[in-house]
Amino acid sequence: MAELSETEISNKKLAAGLLGIFLGSFGIHKFVLGYNKAAIIMLVVGLAGGVVTCGVATAVMSIVGLIEGIIYLTKTTDEFREMYLDQEKAWF
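FYI, in my numbering the residues of the sequence shown are 1 to 92.
Any given hint could turn out to be false.
As the list claims (entries may be wrong) - The calculated lysine to aspartate or glutamate pairs, modelled on EDC-like cross-linking and capped at a C-alpha distance of 20 Å, are:
1) Lys75 x Asp86
2) Lys12 x Asp86
3) Lys37 x Asp78
4) Lys37 x Asp86
5) Lys12 x Glu82
6) Lys75 x Glu88
Claimed, not checked - Listed next, with one range per pair, are the computed distances between beta-carbon atoms:
7) Glu79 x Val51: 22 to 32 Å
8) Val52 x Asn11: 31 to 41 Å
9) Cys54 x Asp86: 36 to 46 Å
10) Val52 x Asp86: 29 to 39 Å
11) Glu88 x Leu47: 23 to 33 Å
Source of the hints: derived by calculation from the structure; they are not laboratory data. Note that the coordinates shown come from a computational prediction; the quantities given were computed from them, not determined experimentally. All C-beta atoms in this analysis are idealised placements derived from N, C-alpha and C, irrespective of residue type, glycine included.
Full structure from sequences and hints, please.
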């Protein structure tokens, strides 16, 4: 991944955190971080799985997104960069 400035990392962290909290069931925060496979999994489970399970799968994906959003926002910029941008840790 190309070197990002401190401001760009902070902006990405904030965007991913807020999207995880508010749109977590759709995996939008994963797309922001470039985790397309994980994002598609969350999107399919959140939408299609929600229909099949009467919303239970969507609720689970919302909780996962909420937890991930909070984790993103509580990490320092250096921790966030190392864990989610350098090591590309897709889940939690």
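| said: Would the hint linking Lys12 and Glu82 be met if the CA-CA limit is 20 Å? | reply: The given pair, whose Cα atoms are some 13 Å apart, holds under the 20 Å limit.
| request: Could you tell me whether the CB distance from Glu88 to Leu47 stays inside 23 to 33 Å? | output: At 25 Å between Cβs, range holds.
| Cβ distance range 31 to 41 Å for Val52 and Asn11, holds or violated | Holds: the Cβ-Cβ distance is about 36 Å, inside 31 to 41 Å.
| said: Does Asp86 sit within 20 Å of Lys12, going by the straight-line distance between their CA atoms? | reply: Roughly 13 Å between the alpha carbons, so the hint for Lys12 and Asp86 holds.
| request: Verify the proposed pairing of Lys37 with Asp86, using a straight-line Cα cut of 20 Å. | output: Roughly 17 Å between the alpha carbons, so the hint for Lys37 and Asp86 holds.
| field | Pair hint Lys37 and Asp78, alpha-carbon separation not exceeding 20 Å | value | Given that 20 Å is the threshold and the Cα spacing comes to 24 Å, the pair is violated.
| request: Can you let me know if the beta-carbon spacing of Glu79 and Val51 is within 22 to 32 Å? | output: Since the Cβ atoms of Glu79 and Val51 sit about 37 Å apart, the hinted range of 22 to 32 Å is violated.
| task | Please test the hint of 29 to 39 Å on the beta carbon pair from Val52 and Asp86. | result | holds (37 Å)
| Within 20 Å, alpha carbon to alpha carbon, are Lys75 and Asp86? | Status holds; Cα separation ~14 Å.
| request: Starting from the hint 36 to 46 Å, judge whether the C-beta atoms of Cys54 and Asp86 obey it. | output: holds (40 Å)
| Holds or violated: are the alpha carbons of Lys75 and Glu88 at most 20 Å from each other? | The given pair, whose Cα atoms are some 15 Å apart, holds under the 20 Å limit.
Consistency note: the structure conflicts with the earlier hints numbered 3, 7.
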